[in-house]
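Residue numbers (my numbering): 455 to 758.
Quick caveat, the hints were computed from the structure, so don't treat them as lab data.
One thing to keep in mind: the hints can contain errors.
[Claimed, not checked] Under the rule of at most 25 Å between Cα atoms (straight-line distance), these lysine-lysine pairs were calculated in the PhoX-like manner: (1) Lys576 <-> Lys586; (2) Lys484 <-> Lys551; (3) Lys589 <-> Lys534.
[What the hints assert, rightly or not] Derived Cβ-Cβ restraints for the label pairs, each shown as a range: (4) Val520 <-> Leu718: 15 to 25 Å; (5) Arg562 <-> Thr746: 19 to 29 Å; (6) Phe582 <-> Gln645: 43 to 53 Å.
Predicted model, so just to flag it, every value in this text is computed and none were measured.
The C-beta atom is built at its ideal place from N, Cα and C for all residues, glycine as well.
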Amino acid sequence: MENIYQAPESTLDQNTIIKPAPESITKPIKNAVIAGSIVTGLTLALSILAMVNQQLVMGIGQDAIVDGILYLGLTFGVYKKSRVSAIFLFSLFTMSKIYMISESGSYRGILFSLILIYYFFKGILATFEYHKFMKQQNPMYSSNNKWVVWVVTPIAIITLAFVVLGLLSINGYLVSSDVQRGSEVSAENYQHLRESNLINDDETIQLFYSEGLSSILEGGNILTDKRAISYESNGQTIDRYSAFYEEIETVSVASKGSGFEDTLILVEKFSGDSFYILASTENDGDKLFLSTLKQNIPVPEENE
Numbered sequence: 455m456e457n458i459y460q461a462p463e464s465t466l467d468q469n470t471i472i473k474p475a476p477e478s479i480t481k482p483i484k485n486a487v488i489a490g491s492i493v494t495g496l497t498l499a500l501s502i503l504a505m506v507n508q509q510l511v512m513g514i515g516q517d518a519i520v521d522g523i524l525y526l527g528l529t530f531g532v533y534k535k536s537r538v539s540a541i542f543l544f545s546l547f548t549m550s551k552i553y554m555i556s557e558s559g560s561y562r563g564i565l566f567s568l569i570l571i572y573y574f575f576k577g578i579l580a581t582f583e584y585h586k587f588m589k590q591q592n593p594m595y596s597s598n599n600k601w602v603v604w605v606v607t608p609i610a611i612i613t614l615a616f617v618v619l620g621l622l623s624i625n626g627y628l629v630s631s632d633v634q635r636g637s638e639v640s641a642e643n644y645q646h647l648r649e650s651n652l653i654n655d656d657e658t659i660q661l662f663y664s665e666g667l668s669s670i671l672e673g674g675n676i677l678t679d680k681r682a683i684s685y686e687s688n689g690q691t692i693d694r695y696s697a698f699y700e701e702i703e704t705v706s707v708a709s710k711g712s713g714f715e716d717t718l719i720l721v722e723k724f725s726g727d728s729f730y731i732l733a734s735t736e737n738d739g740d741k742l743f744l745s746t747l748k749q750n751i752p753v754p755e756e757n758e
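When you get a sec, could you build the whole thing from the sequences and use the hints?
What follows is the structure in structure tokens.
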């Protein structure tokens with residue numbers, strides 16, 4: 455009687471020698487690992503420097519340490535010949551470069567980035583070729599490993615979330631997380647702010663930052679050529695707080711932001727009223743907000 459619980463016999467002859475994958479397959483994988491290691495090292499080093507110095511270093515902020523950790527995990531996955539890791543490493547790096555260019559408008563370092571993208575893409579093809587080569591030698595070959603489930607899968611999910619958020623932000627479905635100069639505010643957002651009576655037709659925006667996720671009307675902070683404005687939605691209406699620059703007595707940092715936390719700036723008026731302005735720490739936007747606000751406040755004339 456046949457034992458149905460018995461493991462199936464391998465169709466691979468015991469004398470068959472499993473050949474190692476040729477260099478045409480292993481070299482592109484090795485190059486992708488080297489490229490991933492370079493990106494990981496630079497990202498982690500610059501993000502740590504930004505954290506220590508509390509300012510951007512070569513356009514990299516302290517938040518990029520999350521990217522560095524993701525790059526590290528995905529690079530290790532490529533080293534282990536993971537096709538999923540190769541795909542997500544390519545996607546994460548490519549999307550991060552596109553996002554940085556769309557936000558800064560600068561193409562600095564684009565040639566170096568394109569070279570890395572090329573190696574990452576070749577790494578994807580090579581990982582697929584590797585598993586195809588191994589399967590041809592041994593029909594019983596399986597690439598499923600426990601480390602893929604416990605290490606690569608969570609990293610891939612997080613990376614996918616980053617890529618999706620990046621695509622949504624680039625295409626305007628999400629509010630920018632940076633402080634924007636007036637020239638960077640879209641005509642559509644200008645219209646929304648005017649129609650909501652947040653700015654007047656004769657006002658020009660100098661700086662703008664919204665803490666909203668899908669709409670700038672969820673909450674925001676504006677410096678125009680005439681006044682400082684902070685607003686937030688309470689669900690049905692928008693509460694607005696503002697002061698003309700000549701009405702402002704002092705401004706100060708109530709709470710310094712870090713990471714994903716915004717900086718809180720206290721605006722105090724001569725009348726005794728006060729309100730807060732939020733500004734993102736990305737790209738030192740909070741410092742720009744504070745310095746511009748101080749410059750706009752007229753210096754009181756000294757009595758002779």
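The hints, checked one at a time:
1. Restraint check: the Cα-Cα separation between Lys576 and Lys586 comes to about 15 Å, which is no more than 25 Å; the hinted pair holds.
2. Annotation: proposed proximity of Lys484 to Lys551 holds, straight-line Cα distance about 22 Å (limit 25 Å).
3. For the suggested pair Lys589 and Lys534, the alpha carbons sit about 16 Å apart, so the restraint of at most 25 Å is met.
4. Under the hint 15 to 25 Å, the C-beta atoms of Val520 and Leu718, about 23 Å apart, fit the expected range.
5. Distance hint check for Arg562 and Thr746: the Cβ-Cβ separation is about 25 Å, which falls inside the suggested range of 19 to 29 Å.
6. Taking the beta carbon of each, Phe582 and Gln645 are about 48 Å apart, inside 43 to 53 Å as hinted.
Hint check: no violations occur; every hint is consistent with the structure.
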